[in-house]
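Residue-level listing of the chains:
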Amino acid sequence: MGASPGGRSRHAADNMLCCLSMKRYGKRVAQKAGLEPGALIHIGEKRLAQTRFTIIDYDAQSFDEKTIDEVEASYAFKDTPTVTWIDIQGLQDTITIEKIGKYFHIHPLLLEDILTTGQRPKMEDLGESIFIVLTMFSLGDEDEILYEQVSIIIGPHYVISFQEGEQDIFGPIRERIRGGHGLIRRLGSDYLAYALLDAIVDNIFVVLEKLETKIEAAEEYVLANPDNTAIQTIHNLKNEALFLRKSLWPLREMVSQLEGSESDLIQPYMERYFKDLYDHTIQVIETVGTYWEIIAEIRDSYLSTLSNRMNEVMKVLTVFATIFIPLTFIVGIYGMNFDYMPELRWHAGYPTLMAGMLVLVIGMLIYFKRRKWL
Amino acid sequence: MGASPGGRSRHAADNMLCCLSMKRYGKRVAQKAGLEPGALIHIGEKRLAQTRFTIIDYDAQSFDEKTIDEVEASYAFKDTPTVTWIDIQGLQDTITIEKIGKYFHIHPLLLEDILTTGQRPKMEDLGESIFIVLTMFSLGDEDEILYEQVSIIIGPHYVISFQEGEQDIFGPIRERIRGGHGLIRRLGSDYLAYALLDAIVDNIFVVLEKLETKIEAAEEYVLANPDNTAIQTIHNLKNEALFLRKSLWPLREMVSQLEGSESDLIQPYMERYFKDLYDHTIQVIETVGTYWEIIAEIRDSYLSTLSNRMNEVMKVLTVFATIFIPLTFIVGIYGMNFDYMPELRWHAGYPTLMAGMLVLVIGMLIYFKRRKWL
Amino acid sequence: MGASPGGRSRHAADNMLCCLSMKRYGKRVAQKAGLEPGALIHIGEKRLAQTRFTIIDYDAQSFDEKTIDEVEASYAFKDTPTVTWIDIQGLQDTITIEKIGKYFHIHPLLLEDILTTGQRPKMEDLGESIFIVLTMFSLGDEDEILYEQVSIIIGPHYVISFQEGEQDIFGPIRERIRGGHGLIRRLGSDYLAYALLDAIVDNIFVVLEKLETKIEAAEEYVLANPDNTAIQTIHNLKNEALFLRKSLWPLREMVSQLEGSESDLIQPYMERYFKDLYDHTIQVIETVGTYWEIIAEIRDSYLSTLSNRMNEVMKVLTVFATIFIPLTFIVGIYGMNFDYMPELRWHAGYPTLMAGMLVLVIGMLIYFKRRKWL
Amino acid sequence: MGASPGGRSRHAADNMLCCLSMKRYGKRVAQKAGLEPGALIHIGEKRLAQTRFTIIDYDAQSFDEKTIDEVEASYAFKDTPTVTWIDIQGLQDTITIEKIGKYFHIHPLLLEDILTTGQRPKMEDLGESIFIVLTMFSLGDEDEILYEQVSIIIGPHYVISFQEGEQDIFGPIRERIRGGHGLIRRLGSDYLAYALLDAIVDNIFVVLEKLETKIEAAEEYVLANPDNTAIQTIHNLKNEALFLRKSLWPLREMVSQLEGSESDLIQPYMERYFKDLYDHTIQVIETVGTYWEIIAEIRDSYLSTLSNRMNEVMKVLTVFATIFIPLTFIVGIYGMNFDYMPELRWHAGYPTLMAGMLVLVIGMLIYFKRRKWL
Amino acid sequence: MGASPGGRSRHAADNMLCCLSMKRYGKRVAQKAGLEPGALIHIGEKRLAQTRFTIIDYDAQSFDEKTIDEVEASYAFKDTPTVTWIDIQGLQDTITIEKIGKYFHIHPLLLEDILTTGQRPKMEDLGESIFIVLTMFSLGDEDEILYEQVSIIIGPHYVISFQEGEQDIFGPIRERIRGGHGLIRRLGSDYLAYALLDAIVDNIFVVLEKLETKIEAAEEYVLANPDNTAIQTIHNLKNEALFLRKSLWPLREMVSQLEGSESDLIQPYMERYFKDLYDHTIQVIETVGTYWEIIAEIRDSYLSTLSNRMNEVMKVLTVFATIFIPLTFIVGIYGMNFDYMPELRWHAGYPTLMAGMLVLVIGMLIYFKRRKWL
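Protein chains in written order, with the numbering used here: chain A, 101 to 474; chain B, 101 to 474; chain C, 101 to 474; chain D, 101 to 474; chain E, 101 to 474.
Same shape as in the complex, but just chain A (with noise of 0.2 Å):
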């Protein structure tokens, strides 16, 4: 996977709330203010100093792979046999957006979705192409979760696709087209797109365990040490858990609506694709579901854990006290002054009380083991 330097992707855990892109939407309203719907500002961290074209064309037999400086190179593939794969890295620069956008006859409200990240993932079916947008996920260099937006452009013999940054978890498609073998070389865009939806949700597999992990350990953890740095631990996991939740459940939607869709851009031998696909995202789902119970299955624990050791606290506490308080009154009584104490001047006065408070010492522990408290 690429690195990201700088740490220029979001971290779902530092940045949680943002997950359905309430930030930058409250800044489009700020910054779009008296403007129309469909006006394209780019919402979002720039994440790449220059926007990179990358063009594969390719077919069973050629392959061309180049990179490009203006987007007008590209117009040239949308209507050769070949398929073409446009890769768009960086969304900072608006006004070749809509240029593509113009060329390809992508509606400005859907160009305004690609550049307006943290949209919900969702399919439209544009008769001439199909729409996609929808967030990747894949881990940072310290494990984090990052996610930025795709969104990818279907059409007859092209697919566009739109990146925030250059996570490249596309790297090994590429590696497939240029090795010239397999499937890939001899399908259509149609499988294309697939295989870029499938690696983006076989990298959330990625990402869920490494969550596993950090759960099974928060669990072991949790319930040896029930101190603070386990409630924070629990705190952080299902806030991440609710973030991967949030985002997968729309992820589901559009990919069953993909499997069911009838547009003629998807030939039929495909379906069986779609629908491995949508199996995965279903086992993606599930599976952070389970995490969302596990946790607050630790969490239960955890707080069970602590009451149970607050309990042996006070039990301990108890029984020392209830032990000695007695005790030190008694002691407390000899050491009265009163002129006349007859036991103080007896001989045997001092083993007496000795061997007196040791009898009550004893009962109090038969007492208190009778009582579980030993």
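Honestly, I wouldn't trust all of these hints.
Any copy, or any two copies together, can satisfy a pair, since identical chains are not distinguished.
As the list claims (entries may be wrong) - Straight-line C-alpha distance at most 20 Å; calculated SDA-like pairs for lysine to any residue: (1) K375 / P350; (2) K472 / L323; (3) K375 / H207; (4) K314 / N336; (5) K199 / L283.
Keep in mind the hints are simulated off the structure, nothing from the lab. Computed from a predicted model, the values in this text were never measured in an experiment.
Please arrange chains B, C, D and E on chain A, whose structure you already have, making use of the hints.
Positioned in the frame of chain A, the structure of chains B, C, D and E alone reads:
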């Protein structure tokens, strides 16, 4: 956003229970006892000294804006081919509103809905026009959530909007119309209505952004200071989220009906816009749902923190008590005044005892260390 | 609202568990063992000494109101073109009710429903008439929630209403009919039935307003005084809300069926009115749902407050105990009677010790200050 | 209701986990390993020494009742126009039951259902007959909830009922048939089956009434005595409610299917009766749902009460400890044996000290009063 | 049930988080990076040294059983009219499995599902065959829950089953086939597949019976001993129930699809059998649901018990402390060394004081008795 001097708008937080218009309904029954359903009385606070009528009439070429005193002046615009926006601020002038109702064929029960604030958002297709009622949210001067009821009637060439007060979130739309560029001047009354609704929904994002800021502040404060203020803070946040959640659910339903409407009043190309509006509504609802869960999570963490602190306090008490109470007992013994206590006579008695107690203390410290109480 | 002398109406709060008619059903089984379903026995309290029959017969021009002794006197009105409202208060006179059933073709099982209070609200289209049973809520003299069962039969020219007691919430409707103006005199039996239902639903708003007042009072009290009274208050509120919630859910279903009914008995122009009634019902239900969550929220805050107070108390105890217990130990040491305790002989021993203890106290106070216990 | 001597019926409370027939199923697998599905073994307790066959044959004019030894004696009744009710009590005689199955064309898998107690209630339309299996509830001698499985086969002129034991809740139906009056003699086998089901559902009301009495008693006890007995009481009630809830959900489904059945075996006029039965079933389910929530509410109140008591106890302890621990320290000071302690020599030392301590105590009492701890 | 030597099967309890195949999936991605979807790698533990192929071929008259080394030997059976059961144990031999896939026309993505353990149960109608994948549960030697993935392919005259390991729960089915009697020899491959599924579902009942025993033991232990072991026990039970619940939900869906399937491969008379299977599946799910709630209930009762014990402990401490602390103070007073303390000189001073303290103690005991602390 327009100022709302004198706190004329209701505050969601103070007045939370009103959200479903209980109080006003209660009053309605009291005020209207013996009246027929459909009798027009304004139920709600009078927020403006006088009802204001503003008319904006435009098409791609022409533009006219004026404030009128008598509603009859607006009748002329009903059938002109230009788009007319009749904006009515203040609902106390029931006679005029009844006149409008008659002229534009609005059923008395719907007029009652316009006047009785606290309605559930709903949309009704009346054939010759579409009736919409919904709640508009905005932020007050002190970042409190204000809300008021807005009703919109969409006709073939006109839009009538009824506002309770003067929070002017429609200002940018007026600017866009005045500006003369943009789609709004080229398209019809359906686009104008969409623009109004879009402004209302966008404003909810502003409100949510503020709520998020509060939640983040609360999260930090609560976990660091689990005190009474924290309880109050969580309590208030939960009530605000509850209030929003309850208000937004019916909004979704209404926008969904609008999107799926087959009314002739809405041009086919508007479907894309209403779909976008619907997406935003869903996003708003999911965001509030997330906030709801985060607040619940904060309370859970609060309680965990509190339990944990209690545990800490108890441990300190127990350690102190269990170490010193036995020691006090021991010194109590040698404070007794028995005539025959041989230890008291020993020269080394005092230092020996002190050493013995030191050993005891060390032993107990080791014990507590092992139990992880220190 | 009519007085209910002698507490004849049931109180929801006291009698909460009855809400789903358990007790009465239990009794039914006991009383009816061996009887066929459909056998008519009045199950419920006798709230009136005698069943009262009131007949109001009207059309746009004429108006007639009388109280009759024998139900047969009402038969003449069945087929007259004027609208006839036969209002029956008190259900103990089963023979008469059976007669009505026979004359107006009501199935014995439905007559059984009329007589067996505690039915779920339901509506049944019998072809020549519509049968409705629902629960009517009102406030008693001491603001307690009263409820009784109301059954309504809507025929082509007549409406028959069966009430258990004498809470007269239909008074305003009678006034409107007597008044002679208004829609009610111009429209048919369907509008009369709507007016009755609307009065019942409007009255629920009155009940809810009172409940809201109680909740607000409880919210304030509970958070300030987390004592036993608070527990009882929350417990009672929760039970009242539970009672309302359970009763209102089937009401919604019933009103919905009525709205969607295709019976010839209901004129097309009534649809708007029943739609309005349905909106009010939804609003009532959502309000109760909100109350439910607010009460749960109050309990949560109550528990938080309690935990917090406990924490405060424990801190005070711990601070006192951990400061004074060691000090007591120290003074205990110098209260020992060893012959050889050099410190006791020192001239500066006493002031030195006192100073030392002062230093210790100051040190501990600083420690507690840092731990934020003070 | 028939006695169930010797505790032959299962007790819901003791045996709660069995509710979904786990144990029996487990045993089935063990007993049946290697057998085909459909092999007939009676899984369940043998509750009667011998299977009993009772035949009641009637129409409006004639009536015949007899007990037979061999099931073959019942075959003659299959095709007679009179209604025949074959009641089989005790399920251990699998050979006979297999014979019946063959003669009345019941699929082996359904016969297996009859014999394997603990089935989910279900209804199946077999064309020439309708097969129903459900759970019957009744109260035992000590008000415990008993349950057993009842299977009913409805044919054109016959009804076959299979009971596990001898709780005779069908007695009143027999009486009604013997009595000769009433609908039951005039109508067919569908009405007889309805009467049986109605008796079973009515009996659930009896069980619920008892449960309600228990809940009310628990509510009172628990809030007054938050002790271990209270925990056990709530635990048991919750388990009973859980048991009922789980059993009744599928019942609703079954009755609903029956109501909507288009079988020729059920006359159109029976629809009203099955509708009534369905209404009762819904009422039963809603009641159990309400109980469930009330029990949860009782537990919540229990925990609140407990927390509150703990708080009270802690306050008392803290008040005592914080008042007397400092005082004890002070008197300890003057118990020290330093040679030079000037206060000890003062004549007014002792009364001055006592007065000082009194002032201290009063000060602390005022402090605690202000904190509302007293 | 076959032994599983060497703990080759996974343990649900230890490995709970794997339930939704996270780990394996994670590995899949790592192992398969750059491979196409559909590339065949066995993901899972190798549980058997070698893949085993067993062929059972039968019809009503003939029977043949053999173990083969090369999968090609099974091809001959594909089109014979006899029913052939090809049972494959061990999944590491991917080449052979690929051969089977090709010969029997199984899509590579489905072969991938067979090899990648941890699939959600699903059923797919491939036209010429039906593909099923599900999880098989069984009990290990130490009553731990084992699970492995089973895939079944149903063809017109053959059934292919793929098992991961060697838990041989299909033994009784083999016996029934060998036995030569029974339906299994007379019916086709659809019945054989049903028999396999029925065996798997029946085995879940065995697992649930064991779980129930554990729950019952836990219930007893936990309420009597609310200690750390109890927390761990509840935690483990909850995880086991969670694991089962999550696995069984998709099973229900799959069986439901199978029941409703309109494939030609399933004879109409099989509907009754699949309906029975579906009923059992529902029963299994409801049972797990009940267990889930019972475990939650046990935890609630555990926490109540713990709170209650804490309360008990606190009461004991408070009673002791509030009685003896004041007494200790009093005796402390008379331990002071003031020169002028007249009481000390009184002859009756000592006994008077002792009597006074006795009165005080009795007074406090009465007070505590009244407060129900004793």
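Now the hints, each set against the structure:
1. Proximity of K375 to P350 under the C-alpha cut-off of 20 Å is found in both arrangements, the shortest distances being 17 Å within a copy and 15 Å between copies.
2. Within a single copy, K472 and L323 get their C-alpha atoms only as close as 23 Å, which misses the 20 Å cut-off; across copies the closest is 14 Å, which meets it.
3. Proximity of K375 and H207 under a CA criterion of 20 Å is satisfied inter-copy only: 12 Å between copies versus 28 Å inside one chain copy.
4. Within a single copy, K314 and N336 get their C-alpha atoms as close as 10 Å, and across copies as close as 19 Å, so both meet the 20 Å cut-off.
5. In this assembly of identical chains, the alpha carbons of K199 and L283 lie at most 20 Å apart only when taken from different copies (19 Å versus 32 Å within one copy).
Checked against the numbered hints given earlier, this structure breaks none of them.
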